[in-house]
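Number of protein chains: 2
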Amino acid sequence: MAQRHLDPTGPRTGSGPGPGPGPKTGPATGPAGGPVIGPAGGPAGGPAGPVPAEALAGYLRAQATEFLRALRLHREAGAGAAASEGSVEAALALRRAARRISGSLHTFQAVLDPGWSEAMRPELAWVSGTLALEHACSARLERLLQALHRLSGTGALPARGPAGAGASGGPGRSGAAARSSAPAAVAARGGSPSASSAAGTTTAAPERGSLTVGAAKAGALLDRQLTLARTRAHSTALQALGSSRFHAVADKVAVLASEVPLAPAAPATDLRPLAEAARERLVDAVAALPLLTAGSPYNAEALVHGLSPDPAPHPQDAPWHQVRLLLRLHRYAREVLLRAAGAAEAAGTPAGTEPAAPLTAVVLPAAPPHDLRLLVAGEALDRHRDASEASAAAAHAARTPRIAPATAYALGVLHADQRHEVEAARYAFQLSWQKDVLGSSQGGPGGPDPVRPR
Amino acid sequence: MAQRHLDPTGPRTGSGPGPGPGPKTGPATGPAGGPVIGPAGGPAGGPAGPVPAEALAGYLRAQATEFLRALRLHREAGAGAAASEGSVEAALALRRAARRISGSLHTFQAVLDPGWSEAMRPELAWVSGTLALEHACSARLERLLQALHRLSGTGALPARGPAGAGASGGPGRSGAAARSSAPAAVAARGGSPSASSAAGTTTAAPERGSLTVGAAKAGALLDRQLTLARTRAHSTALQALGSSRFHAVADKVAVLASEVPLAPAAPATDLRPLAEAARERLVDAVAALPLLTAGSPYNAEALVHGLSPDPAPHPQDAPWHQVRLLLRLHRYAREVLLRAAGAAEAAGTPAGTEPAAPLTAVVLPAAPPHDLRLLVAGEALDRHRDASEASAAAAHAARTPRIAPATAYALGVLHADQRHEVEAARYAFQLSWQKDVLGSSQGGPGGPDPVRPR
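Chains as they are written, first to last, in the UniProt record's numbering: chain A, 1 to 454; chain B, 1 to 454.
Everything labelled a hint here was simulated from the structure, so no lab data went into it.
Using N, Cα and C, we set each Cβ at its ideal position, and we do this for glycine too.
Each hint should be verified, as a subset may be incorrect.
As the list claims (entries may be wrong) - Residues of chain A placed beyond 10 Å of chain B at every Cβ, according to the derived structure:
#1 D113
#2 L133
#3 A139
#4 R150
#5 H234
#6 T269
#7 E276
As the list claims (entries may be wrong) - Listed below are several chain B residues computed to face chain A (Cβ distance under 7 Å; list not exhaustive):
#8 P297
#9 L307
#10 I403
#11 A408
#12 D417
Looking at chain A on its own, in the form it has when it is part of the complex (with noise of 0.2 Å):
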């Protein structure tokens, strides 16, 4: 799941922004962040007058026209029972443009048509969200399998068919798997630990013959619980995408496509202040982390309450969740007022009116390192939010009914296992923290830093 973060957020000029099919080299797009660092110290990494709301706008325009290209390139892919890989990335890419609508509807609400904004963002959250849950469901199995693997010594997964990547493989496939190992679960029950390890070997199905027969039957166990959740997920999304809710949504984002309601105040408001509110509410709520704690390794942090008799999640991974949220926020505003400046740039003139600072000229050209590190920082907390929800996975299938002592075993180690990651991703989100605070001296949790154009 994290690879989604990875594609380029530079600026982008032109109304085909997509990776995909489509008009991909605009005038102006270098590599990523290219055309930020200006050649002579200029006002290129961002805009250093005020932004205009037709920023927004352009922005807001161009998600809107991906948001369709994708919903296009998704019902031509055929989204029947067997989603195609055509298909998956549709959706991906469908939920990243209804996450940048919702996104800059939230941080520039100043700037919209209030009511319709709030009617909007709800709508993008729901399309979001009920996307993502097969695409969840399927990477957390993945993950989860991976890790037994790895806790078995046996180094990678192996080859286990369309099904890890994409949608496919029904409930049938993982049934027979957890049926094949039956017998070596009669074999652990009463067994010695040698009679039981050799079971294993013997009588476990082929793609996991090197698992022992614990590790083998918590991997069949997780394997049919969360193909089950991927396969109902899969079913709501058909739902979701054929119903007259999300046809609603359509026909309005048909509409931003062409035409952003903004507020009556708008084109006399300036960007920078709310992208910078936006900045401030994470530096806030980063400041909030125990990074102290985070930042000594092997704090042992996640695994308190591992035991805990509360089934629901951690509630310290919710300040870390929400600090994923808000970076993403951050990192979204940031791609509006850079596309800002990277149109300016195209156009050979500043992108305000305004003179450039010289504090600015010396500042600005730090911001592409920034951004990629913004990058590196969301990416630890993708991987924070993953491992916690896949422990919770192996936590919830540590309490089925009925499962033998050696599966249980199996789950309880890959849980702590999990919590680790998560122990792991917030030491590397501290890491790549620090580095930002040094690097380009913002965004450090020390306190607010003077006021920049953004």
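Start from chain A and add chain B according to the hints.
For chain B alone, coordinates are given in the frame of chain A:
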């Protein structure tokens, strides 16, 4: 178990080096390592000239005296069915002296009567190994129960009576604890998560009130198994201390306290090359460790094979255990040399007859921090060993037939937690080792440094 390595290892003079009752302060005994820093950067930090075999003889006599003193204390404290705190301390002192004698026989083999030292070493190893087992069992149980409480988010372990530190508390007490959690077991087997968590808070025994059912039952199972092992170890130790084999060892040690059987060539032999060889064996063994991996936090290396079908201890731990032993031998060899230097300092004369080389004078004042770092590194390796054995005990308990899935799940989490402790200990060792290299430019994995008189 780690605190026994915090005993001062600085040079001691006089025949009463024990921390217990006895002549505690000899004429030159300052704070540990105190006398080593000479007032003028002279040859005080370590012997500048050759160290005669007589230094070893003095060290062995002192340790033999300490062995006999500890043995007397142990007998006086009473070694019945319930060991008192005094007898536990006396056993620690007995093992400490036995380890030091045995290690010195190994390192300085060349200057000792070969027949005598070859007969003596296995006997001393038997004494120290037999006496260690009981303490290891209770420390392991303590560590695992602490971890269960930490993992349940209940903070510190409630007071468990004298069973934690000493060796009291028979199987009766743990049996009662196991029985008290039996109703919770029934509730957990078929109930829903909410029902079982409710049962956990209402029916668990008072001392485990805040644990989940699984954690409480895992704790009771470990308590049963490790208390049984400890009781057996206690009986074995009592039998050993009363055996004719032990009396023969004690007689030999009594002879050693007055007369050390040196080899014919001993008077002409310098002890420093022998100590240097011990250091080089340590350096070579550390160089073979995967320190680069251990130095990158959250490498997840220690949990690979965490679900492997092999019930044997982790093979990846063996080189670290080996380094632990070599580090100990190096420390004991330094004690012999530093004792010689301390004695020379106390007498106001250089240890040898040669003048101190300038290089020696510059480098040697760094020795006491070096010793401190050796202690820190040794503690990390003790923690590595303890966590490794505790994780194996959790995995072993999970193979008990007919345990509940919730118990097995908790043991799986516990196993993974202790494997991460193993990884954390490796990280800590690596840190202290790197500091060692930077601080005193010796003992590093990089290669041999110039010959230094030690």
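Against the structure, the hints come out as follows:
Look at D113 of chain A: its CB is around 46 Å from the nearest CB on chain B, clear of 10 Å, so calling it non-interface holds up. The Cβ of L133 of chain A lies farther than 10 Å from every Cβ of chain B, with a closest approach of about 22 Å, so its non-interface assignment holds. The beta carbon of A139 of chain A is kept farther than 10 Å from every beta carbon of chain B, the shortest such distance being approximately 19 Å. The beta carbon of R150 of chain A is not kept farther than 10 Å from every beta carbon of chain B, the shortest such distance being approximately 6 Å.
At roughly 27 Å from the closest C-beta of chain B, the C-beta of H234 of chain A stays outside 10 Å, upholding its exclusion from the interface. At the 10 Å boundary, the C-beta of T269 of chain A stays outside the reach of chain B, the nearest C-beta of that chain being 45 Å off. The non-interface label for E276 of chain A is consistent with chain B: the shortest C-beta to C-beta separation is roughly 34 Å, beyond 10 Å. Interface hint status for P297 of chain B: upheld, as the beta-carbon distance to the closest one in chain A is roughly 3 Å, under 7 Å.
Here the hint on L307 of chain B is kept, as its CB sits about 4 Å from the closest CB of chain A, short of 7 Å. With its C-beta approaching chain A no nearer than about 5 Å, I403 of chain B sits inside the 7 Å limit, and its interface hint holds. Contact between A408 of chain B and chain A, as hinted, is supported at the beta carbon level, the nearest pair being about 4 Å apart and thus within 7 Å. This hint holds: D417 of chain B has a C-beta 6 Å from the nearest C-beta of chain A, less than the 7 Å allowed.
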